[in-house]
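J.: Protein chains in written order, with this note's numbering: chain Y, 743 to 1059; chain W, 743 to 1059; chain U, 743 to 1059; chain V, 743 to 1059; chain G, 743 to 1059.
Each hint should be verified, as a subset may be incorrect.
No copy labels: a pair is met if it fits in one copy or bridges any two.
[Unchecked claim] Computed cross-link-like contacts, DMTMM-like style, restricted to lysine to aspartate or glutamate with a CA-CA straight-line distance of at most 20 Å:
#, residue 1, residue 2
1, Lys806, Glu788
2, Lys784, Glu910
3, Lys806, Asp887
4, Lys865, Glu1024
5, Lys784, Asp883
6, Lys865, Asp985
7, Lys806, Asp883
Derived from the structure by calculation, the hints contain no laboratory data.
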Amino acid sequence: MDIFWNKKGTLQKVHHSHLRNSLPQIFREHDKVWVDMPRFGKDEEELLRVYFNIHPLTIEDCSKVSSRPKIEEFDTYLYVVLYGLDVQGHFTQLNFIIGQDYLITVQHRQIASYEALKRDDGKIQALLGRDTEFVMHYLMDIEIDKYFPILEHIDDQMEKLEERVTHETGNGPVHEIFHLKHQLLTLKHHIAPQKEILFALSRKGNKFMMPASTDYFRDIYDHTVRALDDIENYREILNGILDVHFSVTSNHLNDVIKVLTVFSTIFLPLTLIASIYGMNFEHMPELTWKYGYFIILGVMLLIAIIMWLFFKKRHWA
Amino acid sequence: MDIFWNKKGTLQKVHHSHLRNSLPQIFREHDKVWVDMPRFGKDEEELLRVYFNIHPLTIEDCSKVSSRPKIEEFDTYLYVVLYGLDVQGHFTQLNFIIGQDYLITVQHRQIASYEALKRDDGKIQALLGRDTEFVMHYLMDIEIDKYFPILEHIDDQMEKLEERVTHETGNGPVHEIFHLKHQLLTLKHHIAPQKEILFALSRKGNKFMMPASTDYFRDIYDHTVRALDDIENYREILNGILDVHFSVTSNHLNDVIKVLTVFSTIFLPLTLIASIYGMNFEHMPELTWKYGYFIILGVMLLIAIIMWLFFKKRHWA
Amino acid sequence: MDIFWNKKGTLQKVHHSHLRNSLPQIFREHDKVWVDMPRFGKDEEELLRVYFNIHPLTIEDCSKVSSRPKIEEFDTYLYVVLYGLDVQGHFTQLNFIIGQDYLITVQHRQIASYEALKRDDGKIQALLGRDTEFVMHYLMDIEIDKYFPILEHIDDQMEKLEERVTHETGNGPVHEIFHLKHQLLTLKHHIAPQKEILFALSRKGNKFMMPASTDYFRDIYDHTVRALDDIENYREILNGILDVHFSVTSNHLNDVIKVLTVFSTIFLPLTLIASIYGMNFEHMPELTWKYGYFIILGVMLLIAIIMWLFFKKRHWA
Amino acid sequence: MDIFWNKKGTLQKVHHSHLRNSLPQIFREHDKVWVDMPRFGKDEEELLRVYFNIHPLTIEDCSKVSSRPKIEEFDTYLYVVLYGLDVQGHFTQLNFIIGQDYLITVQHRQIASYEALKRDDGKIQALLGRDTEFVMHYLMDIEIDKYFPILEHIDDQMEKLEERVTHETGNGPVHEIFHLKHQLLTLKHHIAPQKEILFALSRKGNKFMMPASTDYFRDIYDHTVRALDDIENYREILNGILDVHFSVTSNHLNDVIKVLTVFSTIFLPLTLIASIYGMNFEHMPELTWKYGYFIILGVMLLIAIIMWLFFKKRHWA
Amino acid sequence: MDIFWNKKGTLQKVHHSHLRNSLPQIFREHDKVWVDMPRFGKDEEELLRVYFNIHPLTIEDCSKVSSRPKIEEFDTYLYVVLYGLDVQGHFTQLNFIIGQDYLITVQHRQIASYEALKRDDGKIQALLGRDTEFVMHYLMDIEIDKYFPILEHIDDQMEKLEERVTHETGNGPVHEIFHLKHQLLTLKHHIAPQKEILFALSRKGNKFMMPASTDYFRDIYDHTVRALDDIENYREILNGILDVHFSVTSNHLNDVIKVLTVFSTIFLPLTLIASIYGMNFEHMPELTWKYGYFIILGVMLLIAIIMWLFFKKRHWA
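Chain Y extracted, bound-state conformation (with noise of 0.2 Å):
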């Protein structure tokens, strides 16, 4: 637990024991203060219980690491729940509990810029100097902005699969679409719910945050929408490519048995032909004929001959 007191424009870190002692007068005196929970224990939840007099429901959903991103207001403190990544990449529950001088932020996993931001006291003044929603607004900026280094990604995969499938055939394209549509999928289902979210900070004159902050909280909704839109923007594109693929794949079957029947239809008559004068019966006239051998051999390329130009006409070979 980390807490950070803006005491009368001076930051401190205090330690909690302290702060549990302090609090009435940082109430009364309107300080600010941020306290950052990045694991949720004993102390963590007597603390929130009984000194800043969180409702259990609000103290349970903390507690639990699979919550929805969702936001409750409640009389003494506003609950917002949204999705960051964690340093393995990965989406974790981000809570902040936001009341008139505080901002409790809970999360059960190692978010980078959290520990950036308390290693730079700096920032922390400026943004506690503000107000504590300021701090929330840092926080939810940088989690929001890490969407779009991954859409790239997914754009520049999609760009490669794009030329790809052009000439690829075999099953290697349609389990890159799956891949990356799952990973679009998994995008949507994390970022749509945060939408509605933000648009309510961004709307709602609520009373724990200060007007001039909702530009602020509005200019993130504007980024999740955007990275929503490009989410079903992408999904259309690898349905195009999908398409492609199947086109790909199923003209290139009807190329490999046009070679089929070309060669099929060309040999089988040739191949009868020889058969016939294969055959034993005793009066075969052209078998004696000098130069049946050689005329039937002509035959046969004129057959074949007039069989590939059919063909090449009917544009198969």
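Place chains W, U, V and G on chain Y using the hints.
T.: Positioned in the frame of chain Y, the structure of chains W, U, V and G alone reads:
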């Protein structure tokens, strides 16, 4: 019929004939009563109609096995229908009639969560001690949470299918996909209509429920939304798996046909050559050459090798 | 034209010329009248226009056979159009004109539920005794409930189809699917527009209906919603069955082609060998070997076995 | 430009120069005027701009051939744009400017319904006698009703197609489906935006229209909704027919390939046997058997029969 | 930075240092100013921040190249972002800051319409003479109208494709379809979010715009809606073309395979017969018949004719 009466803080299990007489007292003193009706017969109907003064349409709905989820506000009570899962895992209708001081639950099959609660006097007393709606919340919560193990099971099966589909042709995968989609449709069919019911319970400042309890119902509502989200997600993934399956099937066909084509186009010319030298013409100069046979074998081998290389280059062999 | 007049609590069947004269009295004493018009001719039109003072547009709509479901509020009455099923099972337009003290029903074909009710004086008296809208509710309720046997029949056929589709190729299943989808579309086409009408009847505190009756119409509304839900569900299942059908067809093709490929690739080399030893070269050493013939037969057998094993391993045979 | 002036109940066809002078009197005495502009030139523009005081944007819209349907309320008039069908059956823009006492209609092509009405003085007088909006309603009603013969024609073609598709392969059916879908798209593209316009006319208690007329526009609105419903329905049916077509095509392929497979697998072994006994080995004992030839023919026949039965059993032949 | 100042009705092009000093006078006398910033550097930022008192978030947005379209109302101005097309035909962000008496436009690439307007003093004076929002409308109008030539070009390509797809197999058509869909997606991606912006401008009675101008913005809004309608329409048509393509490809395959099947099934039996009479059995009576050879040739011809007629009847040949 099981009746639990929280008489001035003490839990009592009373007989329904006794309840009938005590009702005026209960209503006067605002004691809380939970009447559970695991079967719905003459007695139950009479109790509802005569003593609790329930509307005939509600009684009719309670007596039916197949109602859609609904929420209906009447003058003296709120009528809610949701789905639960009975001990065989089938969806079944759960009726809740919640008035100022009573909760009546009606269902037609054995529900594990109800039976468990009824054996736990302490729990009932605690819940009734807060209010009848907490009994309702407790039961609904358990029932809604039953969806998640089902969804996880489907998720597991999908993951196996994702693996299987890449190397298995035949109709197995498509049957599996159909089966899973069917399950998801059934789930959605039952869960979707509950969403708006629970939304109403978590929002509506209605007279039969304490404002404090809406936070709890919002929680169940959130779970329902998450379940529906998951279902939609899974359906999309199954569609992706289906695409993979069709691609794998169609590429497999291509592979088989390539083998056929390569074999045919290599052997047809060779057989023609052999047939030609099997002809019985009197004048076939090559037949008398000393090494004619070996030259022809050599020519055949050469043709075979050239064609093989040709197909190799086109990645058909 | 059949007229039922609940004159001070006694049901009377009156002639329409008699009704015309009694109307002022009826309206004055708020007796309830139900006028059923199973055909719509000159007399009926005159009655509506002159005596009940119905708007020309409503009369025009009543006289037409093909109106869309609608609800229109006029100054002195409410005009509702729904679909019913005639005795041949075809959808037909049902018109309801409900004023303060009268219900006029117009339809152009024989409706079983109407005929049954008109033969049951006790029932009519009971319903008119409550109010004219309960006659309307009674008729609508029966008509809406007719959808469910149809849906169940479709469900049965789908189940059989699910079974059939796994082993039957050919166009049979796809025709069946098309036929069932067509039926569902027709149902949806007729039921969907009724939903909002019934919603209006179950909500709207309009002046021609008692507040108490809206609960009853909400019940019919619920049935309509359930029917539409089922239709949507069935359509999804049919799409799933179609996927299975296409997969089965395409796997069957694969199987056929595998047989062709396996046979061809085994016999082509053998035939080549036989053809080679059928050549008439003068110098073919093997031909003079004592066991040449048997050696070659052995070689052929060996090749056949090896290739068979090869295909066996690739699961093609 | 054709001008119809209902001067104190008498219909007058006036010249536009005459109209300009009479306008103040018309407006003062609330006579009703219908100005039809079947072409839009300098005179028409001047009349609108100077004498009727129409907004420049409306005039610009009237002068254009390709506006989207719209309804715009200005200070002194309501501007409505819908689509009509000209005598060649092409969609064309119909402009309606309806003020307190006048209706101005502008279109750029010959519309049959307009011409017919303009030849029918009695009808115009009757309509203007009620109000200018009844002229508008009359024209719109005829135009909207033109959709239904088109839709019926499409329905007929679909029914024929449904029949044809079951036995016809080739690209004919898919072209027909494409063509019909294209037609439906064009219809929808033109009808869909009119829906909200007509909804506005049938609801809005706007100052330029009598309340009584909204019932009439609701009627046209209903027709539009029905047309759109039908279009949606037809598109679904066409998709179903497309599925049937693809299934028929693919089953036909299966049938063709089965014939190929059955023939090949029967004749390949027989040809091998014949080839074997065509080999020229010196020591082939069977060749000298007295009935060798007939035994071998018998063996061939046996193999052929066995294979045929085998395929018969698998329903391939 | 180009500054146009309509000083008491006379257009002046001023330098930005001069503007800074004149601003108080401008604001006092309600002169209209248009500041165009075709690039955004230090000076521009300072002007916005210090002299026009623009919110830091707006300045940040202006400085970025990739914002989503948006409309944001601030205390002293309205901030609008739309897309325009630069001279290379790429979408680029257009920023509009419109206050009581000024319009500031910021973009990062050369826009043809802006450059053209800035060279036309008369036009600027006329527009500024009406109000700054007419400058904004003029610029937006030209940019939105740029979509239609693009859409027409796509329409032309689709028509060619419709033609091509009926006789061309191979992957050409599907690539073309993919390419066109991609273009439509890009267009939609940029146009769709503008719709609501323009709707807001055409509705909202906001304080920075004259009521009279909303009619003009409604016009642009209509264009946007039409463009989106067209895009949706084109996408549907492309899907139809794709269906035709897949059908043509699949029917082509059928045709190729029919040729293969017909040839194989005709020649396989004939070759068998020839092979049979090529066997070397000592006792083959037919071989010694005088006309044996000709009888067999006749039998072969007969078989070939019969099979040909058989396939002819099945429409395979």
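J.: For Lys806 vs Asp887, is the C-alpha pair at or below 20 Å within one copy, between two copies, both, or neither?
T.: This pair counts as between: shortest inter-copy Cα distance 15 Å, intra-copy 25 Å.
J.: Between the shortest in-copy and the shortest cross-copy C-alpha distance, which are at most 20 Å for Lys784 and Asp883: within, between, both, or neither?
T.: This pair counts as neither: shortest intra-copy Cα distance 30 Å, inter-copy 25 Å.
J.: One pair to classify: Lys865 and Asp985, alpha carbons no more than 20 Å apart. Within, between, both, or neither?
T.: neither (50 Å within a copy, 50 Å between copies)
J.: Treating 20 Å as the Cα threshold, decide for Lys806 and Asp883: within, between, both or neither.
T.: Between. Shortest inter-copy distance 16 Å satisfies the 20 Å Cα cut-off; intra-copy 23 Å does not.
J.: Using 20 Å as the alpha carbon limit, work out where Lys865 and Glu1024 are close: within a copy, between copies, both or neither.
T.: neither (109 Å within a copy, 100 Å between copies)
J.: When no copy is specified for Lys784 and Glu910, does a C-alpha distance of 20 Å or less occur within a copy, between copies, both, or neither?
T.: Neither way: Lys784 and Glu910 sit 57 Å apart in one copy and 51 Å across, limit 20 Å.
J.: 20 Å Cα cut-off: does Lys806 pair with Glu788 within a copy, between copies, both or neither?
T.: So Lys806 and Glu788 pass the 20 Å test inside one copy only (16 Å; across, 45 Å).
When the structure is compared with the earlier hints, violations turn up for hints 2, 4, 5, 6 and for no others.
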